[in-house]
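One-letter residues, chain by chain:
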Amino acid sequence: MNDVSVPIGMEGEGRRRIPPEILPAIGVLACTALLIGVIKLVSPETVLLAQISAILVSAIFLAVAAFGQGLTILLGGIDLSIGVVMGLGGMMISGLTNGSNDALVWAIPATLACCAGIGLVNGIGIALGGIPPFIMTLASATSFFGVGLGLTAGAAQAPVAPGLETLMSARLGVPLPIWLLLGFAVIAIAFQNGSVTGRRLYALGSSPGAARVMGLPIGGLTIAAYALSGLCAGIAGLLLAGYSSAATLNMGDPFLLPTIAAVVIGGARVTGGRGIYLGTLAGALFLSTLETLITVLSLSQGLRDLIQGVIIITALIAQDRPGANPG
Amino acid sequence: MRFSTKLMAALGGLLAVSIGAQAQDKPYKVFLDMSYSGNIWQAAAANGIKALAETPPYDRQVTFKTVISGTDVQRQISDLQSMIADGANAILVYPLSPTALNRVIRQACERHITVFTYDSTVTEPCAYNVSSITARYGANSAQWMANEMGGKGEVVINHGVAGTSVTKTYDAQALAVFGKYPGIKIVGEFYGNWNDATSQQGVSRILAAHPDLTAIWTVDGTYGSLEAVMKARPDRLVTIAGQSNNGYRLLMADKAMQEKGLKGLSSSSGPAVGPYAFKVMMEVLTGQLKLAYHNVEYPLPWVPHQDVRMCSGDRFENGCNVFPNGKVPALFIDTSLDGTLLPELSLGSIQDGKATSGARMQALPAVKYADNLPDINCSDCKAPADAMEPNLVKPIPVPK
Numbered sequence: 001m002n003d004v005s006v007p008i009g010m011e012g013e014g015r016r017r018i019p020p021e022i023l024p025a026i027g028v029l030a031c032t033a034l035l036i037g038v039i040k041l042v043s044p045e046t047v048l049l050a051q052i053s054a055i056l057v058s059a060i061f062l063a064v065a066a067f068g069q070g071l072t073i074l075l076g077g078i079d080l081s082i083g084v085v086m087g088l089g090g091m092m093i094s095g096l097t098n099g100s101n102d103a104l105v106w107a108i109p110a111t112l113a114c115c116a117g118i119g120l121v122n123g124i125g126i127a128l129g130g131i132p133p134f135i136m137t138l139a140s141a142t143s144f145f146g147v148g149l150g151l152t153a154g155a156a157q158a159p160v161a162p163g164l165e166t167l168m169s170a171r172l173g174v175p176l177p178i179w180l181l182l183g184f185a186v187i188a189i190a191f192q193n194g195s196v197t198g199r200r201l202y203a204l205g206s207s208p209g210a211a212r213v214m215g216l217p218i219g220g221l222t223i224a225a226y227a228l229s230g231l232c233a234g235i236a237g238l239l240l241a242g243y244s245s246a247a248t249l250n251m252g253d254p255f256l257l258p259t260i261a262a263v264v265i266g267g268a269r270v271t272g273g274r275g276i277y278l279g280t281l282a283g284a285l286f287l288s289t290l291e292t293l294i295t296v297l298s299l300s301q302g303l304r305d306l307i308q309g310v311i312i313i314t315a316l317i318a319q320d321r322p323g324a325n326p327g
Numbered sequence: 001m002r003f004s005t006k007l008m009a010a011l012g013g014l015l016a017v018s019i020g021a022q023a024q025d026k027p028y029k030v031f032l033d034m035s036y037s038g039n040i041w042q043a044a045a046a047n048g049i050k051a052l053a054e055t056p057p058y059d060r061q062v063t064f065k066t067v068i069s070g071t072d073v074q075r076q077i078s079d080l081q082s083m084i085a086d087g088a089n090a091i092l093v094y095p096l097s098p099t100a101l102n103r104v105i106r107q108a109c110e111r112h113i114t115v116f117t118y119d120s121t122v123t124e125p126c127a128y129n130v131s132s133i134t135a136r137y138g139a140n141s142a143q144w145m146a147n148e149m150g151g152k153g154e155v156v157i158n159h160g161v162a163g164t165s166v167t168k169t170y171d172a173q174a175l176a177v178f179g180k181y182p183g184i185k186i187v188g189e190f191y192g193n194w195n196d197a198t199s200q201q202g203v204s205r206i207l208a209a210h211p212d213l214t215a216i217w218t219v220d221g222t223y224g225s226l227e228a229v230m231k232a233r234p235d236r237l238v239t240i241a242g243q244s245n246n247g248y249r250l251l252m253a254d255k256a257m258q259e260k261g262l263k264g265l266s267s268s269s270g271p272a273v274g275p276y277a278f279k280v281m282m283e284v285l286t287g288q289l290k291l292a293y294h295n296v297e298y299p300l301p302w303v304p305h306q307d308v309r310m311c312s313g314d315r316f317e318n319g320c321n322v323f324p325n326g327k328v329p330a331l332f333i334d335t336s337l338d339g340t341l342l343p344e345l346s347l348g349s350i351q352d353g354k355a356t357s358g359a360r361m362q363a364l365p366a367v368k369y370a371d372n373l374p375d376i377n378c379s380d381c382k383a384p385a386d387a388m389e390p391n392l393v394k395p396i397p398v399p400k
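Top line first, the protein sequences correspond to chains P and F.
In terms of our numbering, the first sequence has 24 at position 24, counting the first letter as 1, and numbering is strictly consecutive.
In terms of our numbering, the second sequence has 67 at position 67, counting the first letter as 1, and numbering is strictly consecutive.
Derived from the structure by calculation, the hints contain no laboratory data.
Errors might be hidden in some of the hints.
What the hints assert, rightly or not - Listed next, the in silico SDA-like pairs over lysine to any residue satisfying Cα-Cα at most 25 Å (straight line):
#, chain 1, residue 1, chain 2, residue 2
1, F, Lys354, P, Gly150
2, F, Lys327, P, Leu104
3, F, Lys168, P, Leu104
4, F, Lys168, P, Gly150
5, P, Lys40, F, Met230
Unchecked claim - Take a look, some chain P residues computed to stay more than 12 Å from chain F by CB distance:
#, residue
6, Pro20
7, Leu23
8, Leu29
9, Ile55
10, Cys114
11, Val121
12, Ala158
13, Val186
14, Ala190
15, Leu293
16, Leu297
17, Gln319
As the list claims (entries may be wrong) - Each pair of labels, with its calculated beta carbon distance range:
#, chain 1, residue 1, chain 2, residue 2, range
18, P, Leu306, F, Gln74, 16 to 26 Å
19, F, Lys65, P, Gly37, 54 to 64 Å
20, P, Leu41, F, Ala292, 25 to 35 Å
21, P, Gly209, F, Gly70, 39 to 49 Å
Even glycine gets a Cβ: it sits at the ideal position worked out from N, Cα and C.
Please take these sequences and the hints and turn them into a complete structure.
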């Protein structure tokens, strides 16, 4: 994973053993540890292990959904449909299983296929239709939300399968979701930095022109990135439905902006071509910890929105400009 | 004897209906303007209203249309204007702002359109508000909790959606009540946005920092808040007040949970206020009811843990108020139904918006008029002196 063959990334810098992208991730993780220390300081009765476990469990939805967001941002795009797809995924799984574990066998693939399908539509619109990503994903989110609203009137009338609830509440030494998060992170990093498709996504993101010259399947890669983003949002929706024992159509909405924030805080370049999942994961953990600190401090909603906004802007400014890709 | 009274009443009803039908040959054009229908509460309220609009005799008296205005006030204003232009006779609206709709509502009143709001209110005096915002949920629920806690303990406040008049009103009442007890310490506050997943995350965060918290005050997101405690601290539960999700009511009534320290209150604003407002509006529209004042109170749902009663059928009959596990999803809001004021509704009405088969509209009991609350349901008016005080629960003395 240390030999990301980005065509234009080679110039200037020497070949270090640690890719420079890991540095922001480590920095963000250090800040996260610092925040946990502040929580302990503010509220001395805090049980640190319980606190860290709570932070990790509540970070999983964001961490999973932000992987997809990271892939689209890697291509210089964005996926604004993530919140809606999360809600739809949760609604579908409770509607299809209707509280029965037996149905999970086919309901999970069916739900994930539909969510990936929404991403596929986004990708096709962007890659083949030439529609700007933010318009395409916003429009498809609005349309699919409308379909979901028409079919369900907003709330799942069926209970979530108990198996999914167990998945989110059981413990294996630590809460099971922490193992899920770990497993997901390994797969995500292996895909993004270890697979051929992953490296091609970097190449396409850094320089679409060069990618074309190299003969990379640009359309296919773009579609794949958005389909994966839909898939990840679907997984996050399933997990969220299991966590909250019920699904509502708008339950994914609070996660959209944080997915973008997690990617940006993790050191990804918003114009594409740079960013690793470890950074995004660190960003998600940081945001989850920050949210915890804000909650423990009982700050007002206005202040909390302000802080989140300021952090995104700060992260954008902090990105080193020299390598930035103008548009 | 009883049968003949019923028969007489039915005949009387038929007569009244036929007179009403003569007076109005064409069906009334009635619009429902919903806010946001992406959540359980709004969907349940809207389905209850739709079901009533299909219940005889309304099914013949009314042509009913629903418009979803989303969360944008400007859009709601233009939707209301379209309804006026379309020749509405009555509009039932979930208002997105207490003041921004006043001008368009006044236009509607000038065209003799009957305008009702449900749950949220407007200050325009020609509109009728039907709501439980004046029923002091904040003061009553907080007082109930303070009593159950013996006037001491660590409380978490799960606010609703920031900036709404409901949140402001209820929060001020609850904080005033808790503030009277020096032994009650507020250890954390967050905005759960009336959302169970968000609330569960919020409580699990605070719980790690304050492992000894003893109580959670919520307006909604109650079930999620409780789930967070059940996961992190399954043997030591909390005193909690909030919404009326079926799963929550079942937990409240569960003896095993009570032994672990759970003391629950199920209250807060119920979706049944929507169909109730529709029924009041229809009685005003058809001339059966004359309202002396424009602010009507929908009684505050109030089910402490000892009052939970299991239902055997699809309706809230004989005082029952919860469905068995598995019959409805855990988040089904039990206050979507109201056995006393809305006997026409059944589970199917709330889930599919369909009339209960065989049901006919029954006359409403006398309405309860609401207190004035400045900038909420009136302007240039005064709230009663005790508006922040509980009126359903008697406070315990402050422990020494």
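Comparing the hints with the structure gives:
no. : hint                           : in the structure
1   : F/Lys354 / P/Gly150            : 15 Å, holds
2   : F/Lys327 / P/Leu104            : 19 Å, holds
3   : F/Lys168 / P/Leu104            : 42 Å, violated
4   : F/Lys168 / P/Gly150            : 32 Å, violated
5   : P/Lys40 / F/Met230             : 23 Å, holds
6   : Pro20                          : 33 Å, holds
7   : Leu23                          : 29 Å, holds
8   : Leu29                          : 19 Å, holds
9   : Ile55                          : 8 Å, violated
10  : Cys114                         : 18 Å, holds
11  : Val121                         : 21 Å, holds
12  : Ala158                         : 6 Å, violated
13  : Val186                         : 24 Å, holds
14  : Ala190                         : 29 Å, holds
15  : Leu293                         : 9 Å, violated
16  : Leu297                         : 9 Å, violated
17  : Gln319                         : 29 Å, holds
18  : P/Leu306 / F/Gln74: 16 to 26 Å : 25 Å, holds
19  : F/Lys65 / P/Gly37: 54 to 64 Å  : 58 Å, holds
20  : P/Leu41 / F/Ala292: 25 to 35 Å : 59 Å, violated
21  : P/Gly209 / F/Gly70: 39 to 49 Å : 41 Å, holds
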